[in-house]
Amino acid sequence: MVYPGLFPWLQSLNALAGGFFLLCAFGLVAVRQAQDCLRLFVAQSLFLCLSAFMLGILLHSSDLIVVGIIDFISKPVVIPWLLRRTVGGEVHTRREITQVFNIPTSLLIALALTIGAYLFAMPLLRAGNAGELIGSNLPIGLAGLLIGAFTMAVRREAVPMALALISMENSAFFAGIAIAPDFPLIAEVSIAFDVLILTFLIGLLTRAVHQQIGTTAVGELTELREANQS
Amino acid sequence: MNLILVLLFPMTAVLLSLLPLEKRFAPVVTLLTQIAVFGMALNLALQVSTGRTVIGLANWLELDGLSALVLLLVTFVALTAALFSWGYIFAHEKVARRIRFYYAQFNLFVFALVAVPVLVEPAFVWIAIEFTAMFSVLLVAFGNTHEALEAAWKYIVLMFIGAVIALLGFLILFWAQKNAGGGLYTWEGLRLSAAHMSPVLLKTAFLLILVGFGTKVGFVPLHTWLPDAHSQAPAPVCSLLSAIKTTVALYAILRLLPLLPNAPIDIWMQTIGLISVGVAAFLILQVRDYKRLFAFSTVEHMGIIFVAAGLGGKAGGYGALLQMLSHGLTKSFCFLAAGAVLLVFGTREIGEIRGLIRTSPVAGLALLFGALAIGGAPPFAVFLSEFSIFRAGVAQQHYLVISLLILFIVVAFFGILLHVTRMVFGKPAPVNAAAPGSVPFSCTLALVLAVVPVLVLGVYEPAPLHKLLTFAVSNLTGGMP
Amino acid sequence: MDKRILFNLLQVVVVLLFSPLVAGVTSRLKEMVQSRRGPSIFQPYRDLRKLFHKDEVVSERSSWLFRFTPYLTFVTPLFVTLLIPVLTDYPLFFAFMGDMIAGGFMLSLGGFFATLAAVDSANPYGPMGASRTRMVGFLAEPVFMIVFFTVSFVAGSTIPFIVQQAWVTPPVNFFEPSHILLMLAFLMLIIAEGGRIPVDNPSGHFELAMIDESKTLEYSGRGAALTKWGGYMKTFVLLCIFLNVLVTPWGVAHEQTFAAVMFAVPMVLGKIFCFILVLVVIESSLSKLRLFRIAEFLGAAFITSVAAMITKLFIS
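Residue numbers (my numbering), protein chains in the order written: chain X, 19 to 248; chain Z, 1486 to 1966; chain Y, 11 to 326.
A hint or two may mislead.
As the list claims (entries may be wrong) - Below, in silico cross-link-like pairs of lysine-lysine (BS3-like), each with a Cα-Cα straight-line distance of 30 Å or less:
| # | chain 1 | residue 1 | chain 2 | residue 2 |
| --- | --- | --- | --- | --- |
| 1 | Z | K1952 | Z | K1799 |
| 2 | Y | K322 | Z | K1688 |
| 3 | Y | K13 | Y | K322 |
| 4 | Y | K322 | Z | K1663 |
What the hints contain is simulated information worked out from the structure, not anything from laboratory work.
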C-alpha cells in the first residue's frame, strides 16, 4: 500500500515519462547516427518501464509491475545485445545515416502527426470516460505509433528501421498499459517474446543482406517491381 | 482433447525435424504429422457440423462453425504443401542441415496457422497471427538471393507494422469491454457485451484492426509486400502464404463483424474490397512473373471475399465463406502448379516459357487447370462461390457493386488466361539447364490430391459441409445456428 | 508602495552590479572544468574599467546608428529588469507596465539595433555576423513565442511575476511534462541566444566562425564597454527569467521587508552559479555545430516546446 498523498506525484511522474517518451520518438526520426538511435530507443523503453511501474502502483496492478520488469529486461538490455550479436558492429557505427527528408521537415511532419494523434484521441477519451492516466498515455501512445511509422518511411538503414519498428510496439504498449491494465499477462509476455523474435529475425536478415548485397541501406532495395523488369 | 493435440502435433514435429538423423526423417515426420492433424481436423469439423461448439479448454480452445471451416482449410492445404515439399525441397536443396531447417520452420509456421482458428481469446489470436508472420520470414528468405532477402525484409516490416496497429485495436476493444461492465475477453464474450460498448471505441477498434490485419490480408494499398513475398518463397510455402495465411488474418477481421451489427461498416467493406479487386485485376495484366500473377490474384480474391462479407445477410456471409474455402483450395493448387513449372523450367519469367504442355504435360495441365479454376471458370469451385456472391448481391439490390465486381473479375480472368495460355501452348522454349527438369512423383501426387476438392466442390456440395457452412454463417452474422 | 519602487530600483542595481560577476564566474568555471586555471572572476570588471578609460575610434563612414546602438544595448536589459522578478515573488511597482512579450520585444529591439550597427560599420565581418544572428534569431523566435504562450496558458496571465507561481502550486505541478519540456526548450534557447556552444563559441577568435561576436568587432573604448556590459546584463536577465519564472521561484524574497530582499541577492546569485555549472558542463562536453545544423538544433527546441504545449493544451 502506498501513502495516498504520493498519488499526485506518481501521476505527474507518469505524465512526465510520457512527455519524454514522446521526445524520444521525435529523436528517433531526427538523429543522425545509428548509435544515437539505439540510445534513444533504450531511453524510450526505460520511460515505458517507468510509466508501467507508476501505473502499477496507482492502479494496484501487480501485472503491470511484472510487465514493467519484463520490459526492463528485454528492451534496454536484450535487444541491443541481440542486435549486436546478429548485425555486428553496424549497430554502434557513428557513421551518419541519410534520410529521405531533411531533418527540420521530418520533425515538422512528426509534429503534425502528434497533433493529429491528439485530435484522434480526443473522442476516444470522451467515449471511454478516461481519467487523467489514460488521458496522458493514450494520445502519446498514438502519437508514438504514427511517428514510428513515419520514421520507418524516412529511414533507409536497417538498424534504425528496426528500432523504429520496436518503438511502434513500445508506443502501443504505452497506450495499452493505461487503457487495458488487466490485459492477460500471458499475452503481454508473448508480445515481449514476439519482439525478441522480431529483433533476432531482423538481425539475421540484415546480416544476410549485408553479406549478399553489400549494404545495410535496405530501404534502397528496389529489385522487385513490375515496371523495371525487362 | 483433440483440440489440444491439433496444436501439440505440429509443435512436436518442429522438435523432431531438428533432430540430425537421416535426411528423409524430417519430411516423413512432417508428412505424417500433417496427415494426422488433417484427420483430427476433419473429425472435429464433422462434430461441429452437427451444430455444436467443440470445447477443448473452456474459453481458451474452442471450435465453432467458422473456426472449424478455417481449421479444415488450413490443415488440408498444409497436408498438400507438406507432400509437395518432399520432392520440391530435395530437388532444390542438397544440404541436410538446410533441409532440416526448412522442415522445422515449416512445422512452426503450420503450428501458428492452426492456432489462429482454434484459439478464442482475441489477444492470443493476435499473437498467433503475428507468429504466422514471424515464423514464415525465414521461409520467404530461404532462397537467400537478392530478391528473396528484399522480399523478406518488406514482409517482416509490413507484417509487424500491421500487427502493432491491430494490437492497439485489440487493446481498445478490451478497454471498451471493461467500460461496458466487463465480461469474458473471447469472441463470444465480446459479442455478448458488444451492445453495451461505446460505439466510438468499438468502431475505432474495428478500424485499427481492419488496417492492421488488412495489411496482413493484403488489401490495396497495403498489399505491396504480398506479391514480393509470395513470389520469392519456395512453392509449398507460397501455397501456405497465399492460400491460408492471408485467410486467417481475414478470419480475424470477420470475427469482429458480429460485434458491429448496427454500424454502417458495410459500405466501407464493399469499398475496400472493390478497390482491392479492381487494382489487382489491372495489375494482373502487366505481370511478368507467373508467381506474382497468382499473388495478385490472391489480392483480388481477398477483395471479393470482403465485398461478399460486406453485402451482409445470410446469403452474403454464405458466399463469402464459400469463396474463402474455394479460394484457399484453388490458390494452393495454383501455387503448387507454379512450383511444378519452376521445377521444369527453372525460371519465373512468363516470357521465357513456351510450350509447357509438351515439355511437361503434368505441369502444363496443372497450370492450365489452376488458371481456369482460379479465374472462375465452370465447373470449378470458385465459379460456384462467385456465382453465389453475385446472386446474394443481386437479391439485395447492390447492382453497382455487383456489376463492378463482375467487370473486375472478367478483367482478371482475361489477364490470367492471357499469360497462362502463352506459357502452356506454342513451340517449346529452351529449358534452363540448372533446373531439375522433371516433376517428382510426390509433387505429382500432391497436385492430384490438391485438385480433387477444387473439382468436387465445383459440382457437388457434401451435406456436412453445407451444414458446417450454415453454422459458420450464423457465427458470422451473430445469430444462432 | 514606495517600498515596491525601491525594490524595483534595487533589482536594476543588482543586475547592473552583478552581471559582470556572472560572466566572470562563467569563464572561470569553464576553464576549471577544462583543467586550466583561468582568469579571476573579477576580470570582466577590470575589462570594463579599462575600456571606459580608453579613447573611442569611430569610422568616418558610419552613421549615428553606430554611435547610438551601444547605449540602446545597455539600456534595454535594464528596462526588462523592471518587469521581471529578480529578487521577489510578489509583483513590484513596474510589474504591470508590460508582460513577457514586451520584455521579449525589448530585448530584441537591442538585438535589432546591434544588427543594424554591424551592417553600418562597413567591416566585412559585421554584416556576416549580423545575418547569422538574424538567422538564429528568427529560428528562435517561434520557440520563444510558444514557450510564452504555454506559460501564460497555464498561469492565465502573461505577467512574469504572476506566472512564476503557477508551476509550483501545488508543488507536484513542478513535474508536469509540459513544465519539464518547457524548461528543456528554454534551456536550448538560452544556449542559442546567449551564443554558447553548440550554437556559437563565445570565446572564439576566428572571425569567419563567429556569430555573435563579429557584430561588435568595430567597437572600441566606451562603445565596446557599453556593448559588453549590455551583453552581460542580457544574459543575467535571461537567466533570471529562466530560473525565477520558469524553473524555481524558490530563494526569492517573500516578505516585503528590506532584509528579506537583501537576503534574496546571495540566494539568487547562488542559484545562477549552480545553473552556470550545468551550462558549463554542457558547453564543455559538446562541440560547436556547423552553421546550417543550427536550424536542426533550434528545430529540436521548437519540437520540445510544441510537445510541451500540446501535452498541456489538449489534456486540460
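Results for each hint:
1. Z/K1952 with Z/K1799: holds (13 Å)
2. Y/K322 with Z/K1688: holds (27 Å)
3. Y/K13 with Y/K322: violated (37 Å)
4. Y/K322 with Z/K1663: With a Cα-Cα distance of about 27 Å, the restraint between Y/K322 and Z/K1663 holds, given a limit of 30 Å.
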